[in-house]
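Enquirer: Knowing the structure of chain Z, use the given hints to seat chain C on it.
Those protein sequences? They're chains Z and C, same order as listed.
To get the numbering used here, take the position in the first sequence, counting from 1, and add 1.
To get the numbering used here, take the position in the second sequence, counting from 1, and add 1.
What the hints contain is simulated information worked out from the structure, not anything from laboratory work.
Every value quoted in this text rests on a predicted model; they were computed, and no experiment measured them.
Be aware that a few hints might be false.
Just so you know, same-sequence chains aren't split out, so a pair can sit in one copy or run between any two.
SDA-like, lysine to any residue: derived pairs with alpha carbons at most 20 Å apart [said to hold, decoys possible]:
#1 K92 <-> N47
#2 K98 <-> I306
#3 K31 <-> D137
#4 K91 <-> Q181
#5 K31 <-> K141
#6 K91 <-> R123
#7 K31 <-> E58
#8 K31 <-> S299
#9 K31 <-> S143
#10 K31 <-> G144
#11 K313 <-> Y54
#12 K31 <-> E315
#13 K147 <-> E300
#14 K170 <-> K199
#15 K198 <-> E58
#16 K92 <-> K202
#17 K259 <-> D284
#18 K259 <-> L317
#19 K313 <-> Q237
Number of protein chains: 2
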Amino acid sequence: MNEFSFINSIYRKLGPDSKKFSGDDAAFIKCRSNDLLVSKDLLVENIHFNLSYSAPEDIGYKAVSVNLSDITACGGNPRYLLIGFAFPQKKMHIMKKICTGAAECAHRYKCLLIGGDTTASRSDIFISITAIGQTDNFIKRSGSNKGDLIYITDYTGFSAAGLIFLQEKIRPADFPGMEQVIKTCIHNHRRPEPEIKKMRKLIAGYRISSMIDISDGLSSELYHLYESNKKKYGLQINESALFCPAITSAGKIIDKIKKKRNSALELALHGGEDYRLLFTSPDLIPRHLALKIGTVVSEKKIFSIGSSGRKKIECLGYNHFF
Amino acid sequence: MNEFSFINSIYRKLGPDSKKFSGDDAAFIKCRSNDLLVSKDLLVENIHFNLSYSAPEDIGYKAVSVNLSDITACGGNPRYLLIGFAFPQKKMHIMKKICTGAAECAHRYKCLLIGGDTTASRSDIFISITAIGQTDNFIKRSGSNKGDLIYITDYTGFSAAGLIFLQEKIRPADFPGMEQVIKTCIHNHRRPEPEIKKMRKLIAGYRISSMIDISDGLSSELYHLYESNKKKYGLQINESALFCPAITSAGKIIDKIKKKRNSALELALHGGEDYRLLFTSPDLIPRHLALKIGTVVSEKKIFSIGSSGRKKIECLGYNHFF
Chain Z
2 MNEFSFINSI
12 YRKLGPDSKK
22 FSGDDAAFIK
32 CRSNDLLVSK
42 DLLVENIHFN
52 LSYSAPEDIG
62 YKAVSVNLSD
72 ITACGGNPRY
82 LLIGFAFPQK
92 KMHIMKKICT
102 GAAECAHRYK
112 CLLIGGDTTA
122 SRSDIFISIT
132 AIGQTDNFIK
142 RSGSNKGDLI
152 YITDYTGFSA
162 AGLIFLQEKI
172 RPADFPGMEQ
182 VIKTCIHNHR
192 RPEPEIKKMR
202 KLIAGYRISS
212 MIDISDGLSS
222 ELYHLYESNK
232 KKYGLQINES
242 ALFCPAITSA
252 GKIIDKIKKK
262 RNSALELALH
272 GGEDYRLLFT
282 SPDLIPRHLA
292 LKIGTVVSEK
302 KIFSIGSSGR
312 KKIECLGYNH
322 FF
Chain C
2 MNEFSFINSI
12 YRKLGPDSKK
22 FSGDDAAFIK
32 CRSNDLLVSK
42 DLLVENIHFN
52 LSYSAPEDIG
62 YKAVSVNLSD
72 ITACGGNPRY
82 LLIGFAFPQK
92 KMHIMKKICT
102 GAAECAHRYK
112 CLLIGGDTTA
122 SRSDIFISIT
132 AIGQTDNFIK
142 RSGSNKGDLI
152 YITDYTGFSA
162 AGLIFLQEKI
172 RPADFPGMEQ
182 VIKTCIHNHR
192 RPEPEIKKMR
202 KLIAGYRISS
212 MIDISDGLSS
222 ELYHLYESNK
232 KKYGLQINES
242 ALFCPAITSA
252 GKIIDKIKKK
262 RNSALELALH
272 GGEDYRLLFT
282 SPDLIPRHLA
292 LKIGTVVSEK
302 KIFSIGSSGR
312 KKIECLGYNH
322 FF
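With the rest of the complex left out, here is chain Z:
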């Protein structure tokens, strides 16, 4: 899509199969056998990522990964990527590392870079990603029915805990016995993975009535499911299903740092950037594929049942400026 040597170096990183797509004004996709899904994300330095919390390679990896997650959350297999970068020339060395990380994620999930754009900016780095996937089973957010079970593909809150550990400059050695928990949280923040394999197994074996990925936090994604379905049904969440020993430990560390209580519940409900899949199904799905966390109910509310009784779940997902 453009002629500059920099983007050619990205194509080289992504291998000869990518190269064959470059060189024309638009990329050609032969698609007579499958329908397509397209997602688009714009990531801004110091808004969505911060070079003091993540290595440039991690930022590139995550930028691709979260787009693949969007395709996955609609029942698609990610296949193609278009990546645009804007950056000041003095940050070229950082951009090359970001590209290396982006290429690593693209390789891992067998996505081809088919186009892009590279241009200047005055100070911050901007990353614009378009991901394209194939599907023969488009899953919307809006299909849940009364009585469906509510699932997440894995526990939530690790990424948000990782971000707090990075912001507070917590090192694993600072909390003896908790090293692995801290490392896991930081890794999940820096390198979240799209849950493509689990999505494929779920679609192949079970009826999935609605699906969304957890980017801003479980609570806000529950609200998205609810609103997408025109608030026809409510969502009841079992609080106890949200905890595992690791998230309980992470919560305890954050209680200590922040002098708070119940951080584990806050992390699990409102912590963003986990990129787990949240979905509904009328089927009972085994634990190794997904965790059952609640039920679609006729009462038109979103609430939890927990140790302190029944509570409305607030919508506290992260929101950049609105």
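Expert: Just chain C now, kept in the frame of chain Z:
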């Protein structure tokens, strides 16, 4: 693709057909009957556009238009758009006007907005556009053959002249008798149009062996054609075919302002952002569809034949920082 009210207001501008695509993590395209073309562009304030030279509505219009031109240049009919914006909150009023212009162009060419992303930036506005088109006749840059004729769909240089008039604060009234030329140049700079209709007629009636749009300047696009075809053949351009009375007049005005000579030739050969189509064909094509400007020759060079004899054409297209 995201939940914010701002992007919802864009969807409203683009009508109810666009709205049905929003609300999921990715947009769904049913495409069993046609192959797709995808283009991607990143536009940065004060790099690609400047609010002192164009109204925000013009910037939005042009941002969409140039992406539709990329699809057109590959033989595609533009159908869908994904638009991402990053901007500081204090520029919200400007962004709304940019969106109005973008919507106007999308409407005019019957493109649906199927996704996007809206986020914050610290100072500059960033616009990221992905355009998707359908095609059953993908035309590459690389298909020209010896003996093919070289065409452009219309004269080049107007947009570059318009930019100079804006930069130099020239008003039409400053050059009596030249008002219309100045207005045309400024309009072409602010609101270039994708040549979709001409492309369709050309494809329907003639054999088109290669095609590209003229974004950076005729000279650099000639080099792109040459390089895409692995420099198998050279390109001979007839200088006189590049001039019409209007571009000659624009050149005279610029000669006067800049105290130069031969501005008309420079504009025609190296002036960017015209978004005309440059293509090759073995067929003789009537003048109302395209201007014949040269021939694909066996001599492996890019040169012009003109009043001062034979000259190498330099590659002087615009390049943001490389």
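Enquirer: All hints are to be evaluated individually against the structure, with a verdict given for each.
Expert: Hint by hint, here is what the structure shows:
1. Taking CA atoms no more than 20 Å apart as the test, K92 paired with N47 passes in both settings, with 14 Å inside one copy and 18 Å between copies.
2. Taking the shortest alpha-carbon separations for K98 and I306, neither the intra-copy value of 46 Å nor the inter-copy value of 47 Å comes in at or below 20 Å.
3. With identical chains, the CA atoms of K31 and D137 are at most 20 Å apart both within one copy (15 Å) and between copies (10 Å).
4. Taking the shortest alpha-carbon separations for K91 and Q181, neither the intra-copy value of 37 Å nor the inter-copy value of 43 Å comes in at or below 20 Å.
5. Taking the closest pair of Cα atoms, K31 and K141 come within 20 Å of each other only across two copies (14 Å); inside a single copy the shortest separation is 24 Å, beyond that limit.
6. For a Cα distance limit of 20 Å, the shortest separation of K91 from R123 qualifies both inside one copy, at 10 Å, and across copies, at 18 Å.
7. Proximity of K31 to E58 under the C-alpha cut-off of 20 Å is found in neither arrangement, the shortest distances being 31 Å within a copy and 35 Å between copies.
8. Proximity of K31 to S299 under the C-alpha cut-off of 20 Å is found in neither arrangement, the shortest distances being 44 Å within a copy and 33 Å between copies.
9. Proximity of K31 to S143 under the C-alpha cut-off of 20 Å is restricted to the inter-copy arrangement: shortest distance 18 Å between copies versus 29 Å within a copy.
10. With identical chains, the CA atoms of K31 and G144 are at most 20 Å apart between copies only, with a shortest distance of 19 Å across copies and 30 Å within one.
11. For the identical chains of this complex, K313 and Y54 are neighbours neither inside a copy (33 Å) nor across copies (52 Å), given an alpha-carbon limit of 20 Å.
12. When the C-alpha separation of K31 and E315 is checked against a cutoff of 20 Å, the pair qualifies neither within a copy, at 45 Å, nor between copies, at 36 Å.
13. Taking the closest pair of Cα atoms, K147 and E300 come within 20 Å of each other only inside a single copy of the chain (10 Å); across copies the shortest separation is 73 Å, beyond that limit.
14. Taking the shortest Cα distances, K170 and K199 never come within 20 Å of each other, neither inside one copy (33 Å) nor across copies (60 Å).
15. In this homomeric assembly, K198 and E58 never come within 20 Å of each other (Cα to Cα): the closest approach is 23 Å inside a single copy and 44 Å across copies.
16. Taking CA atoms no more than 20 Å apart as the test, K92 paired with K202 passes in neither setting, with 41 Å inside one copy and 45 Å between copies.
17. For a Cα distance limit of 20 Å, the shortest separation of K259 from D284 qualifies neither inside one copy, at 40 Å, nor across copies, at 75 Å.
18. Proximity of K259 and L317 under a CA criterion of 20 Å is satisfied intra-copy only: 18 Å inside one chain copy versus 59 Å between copies.
19. In this homomeric assembly, K313 and Q237 come within 20 Å of each other (Cα to Cα) only inside a single copy, at 9 Å, whereas the closest approach across copies is 74 Å.
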